[in-house]
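Work the whole structure out from these sequences, hints included.
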Amino acid sequence: MLKTLLDAFALISTWEVIIAMFAASVYGLVIGSLPGLSATMATALLVPVTFYLSPIAAIATIVAASSMAIFSGDIPGALLRIPGTPASAAYADEAYAMTRKGQAELALGAGVWFSAVGGIAGVLSLMILAPPLAEIALSFSTFEYFWLALLGLMCATLVARSSPVKAIAGMFLGLLVSCIGIENPGGVPRFTFGITDLFGGIEPIPALVGVFAVAQVMRAMLTPEPPPLPRRKFGSIMAGQWKLTKLYHWQMTRGNIVGIIIGVLPGAGADMAAWVSYAMSKRFSKEKEKFGTGHVEGLVEAGASNNASIASGWVPSLLFGIPGDTIAAIAIGVLYMKGLNPGPTLFTEKASSMYAIYLMFIIANILMIPLGIAMIRVAAYILLAPRSTVMPIIMLCCAVGSFAIGNNMFGVVTVAAFGVIGYVMEANGYPVAAMVLGIVMGTMVEQAFVTSLIKSDGSILPFFERPVAAILAAMAIGALLWPVMVWVWRKVKPAQTVAATTR
Amino acid sequence: MRLPDSVTGSFLVVLGAAAAYGGYILPPVPGQPVGPNVFPLVIGTGLALCGLAIVFGIGHSFEEEEELVPLEDGQAAAPPPQSKLYGLRALLPPALLLFYVFAADRLGFIITAAIMVYVTSTALGAKWKLALPLAALSPFAIHLIFGKLLRVPLPAGLLPTPW
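Protein chains in written order, with my numbering: chain A, 2 to 504; chain B, 80 to 242.
Calculated from the structure, these hints are not laboratory results.
For clarity, every value in this text was computed on a predicted model and none was experimentally measured.
Glycine included, each C-beta is placed from N, C-alpha and C at the ideal position.
Footprint (simulated), chain B over chain A, 3 or more residues, beta carbon under 8 Å:
1. 46 to 57
2. 172 to 185
3. 189 to 202
4. 211 to 223
5. 401 to 409
6. 414 to 421
A few chain B residues that face chain A, going by a derived Cβ cut-off under 8 Å, partial list only:
7. Ile133
8. Ala169
9. Leu213
What follows is a list of derived Cβ distance ranges for each label pair:
10. Leu7(A) / Arg230(B): 30 to 36 Å
11. Leu177(B) / Ser460(A): 44 to 50 Å
12. Ala386(A) / Pro107(B): 52 to 58 Å
13. Gly103(A) / Ala97(B): 57 to 63 Å
14. Trp490(A) / Phe181(B): 52 to 58 Å
15. Leu228(B) / Gly407(A): 15 to 21 Å
16. Lys227(B) / Ser460(A): 54 to 60 Å
Shown next as structure tokens:
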């Protein structure tokens, strides 16, 4: 244990890791603070760079950039009422109301402080939850993996803030995309239409970049430019945070726990955590009437929640290769590329790397406090950059980055195609996150499904015979039928009320 | 680009049916009950069913309308889109990426990138005073990071970089 910890320290105390982490932190802070550029997009655009780094440095960049971007989304949320990332959208109104009351320092300070606390709580959950779960996961067979993957996909559809039917459709679309190529049980070209480039299948990373970055540039073409940030002088940012921590320690803990749970659920990420926690804070608050008028309580809880979900999102990713959110989906791609294939054995064979990941999360969250304060102070200058200078650079990074993934122009075509797909889906209420999870997990789902079917000689029964498999199956099927049941219930209920009134 | 649910739903039905059929005609693996055809069949069927449900408006009641942050008084909202062609501007980014695919090998990275930056920047409302220097400088910066530091083989084309 101590030796692995020392090994982990040795792994992260190289110049490469330190520089990578610092640079990625600054990058994450800047991208996160620009409205319209989300944390997922920041991470996706980082992937081509990670190719050229050592495994630990590559993971360090992702850990640092994603944690920082989730916090710095709070900055334009508080100052402009425009959330920098979707994860800050839940409480942007509240934070802006505080700014108008002259409490910008308190709002932003709460953002940075409770983000860091939440992030560290998330890491602790990762450290505590992952090893025992890995023990259990060692005894899993393909049946359990199939149901687990399916359950993961279903969670992604349940928590989407749109129609569950559309979310399921999005998930199926993603699975269909993953069918393309010759990497299937028969090794035959499937849905390749004779195009050689499609034989290798659609890579998840260019698809992600397309859906999250190109689609965003497309939306920017049609939306008005956000107003520039009024320059202001900030007082002490951390003043009063300790008082808030003591006053709202229960809210903070609840935010952390909710964030951790939502992070662990596959498909549900920081934005969901923030929405749920903010709503919860309002529901259980003693001063409900103050919400919406610039009250810090909801900010504390939601800020603690969204950063906690970032770290705990790595739990299912590291254990099963099932991403906890879209950022973790990217991280999985990088893990595979770097020979750290997700799975329970990762914790025994590559224990020092795991400890290195924990340590990097902790360091990133501590680093967030000074860097975050510095960022708040210079935010006014960074937000001066008009969209017409930022978006072209994003476009170039999309083109070059997707080319770099395979040194192949087909990557650029993929990015363009998925930009259009992502844009159309989003515009019509189909959640793109569900599709992304489908693409990332498709091969795994199919492998588990087909291997299980071969083992069972085509029979469905063995899918339910093992106890854990049966439980997972019940949960997955329940999740699948839930929208149907609610729909039926809603159809029946009005009929009853009508019957009651006529009686 | 907001289409009625009946249109997107029908599209999904067709796509799902096509996927299921495409899976069905795949050759099976000899001596095995299941092969590459099973998964697309399942997915295609599921997708088609979802499409049907969407056409009939099941689950529509769950949808939350996009919450637009209302602008403050005094902050003028941008003028609403004028013509039908305005919506087509959204297709500019993917079109530019395809342009990159076709032109980069011939024109080289620097020139292609400069054109992309200039067009995107202008489309987002930048004046030429801003767009032109940006288009002149940013390709070199990106080339420095990706081409020089990360050794991505970017095409040289007509205008090789000085390094």
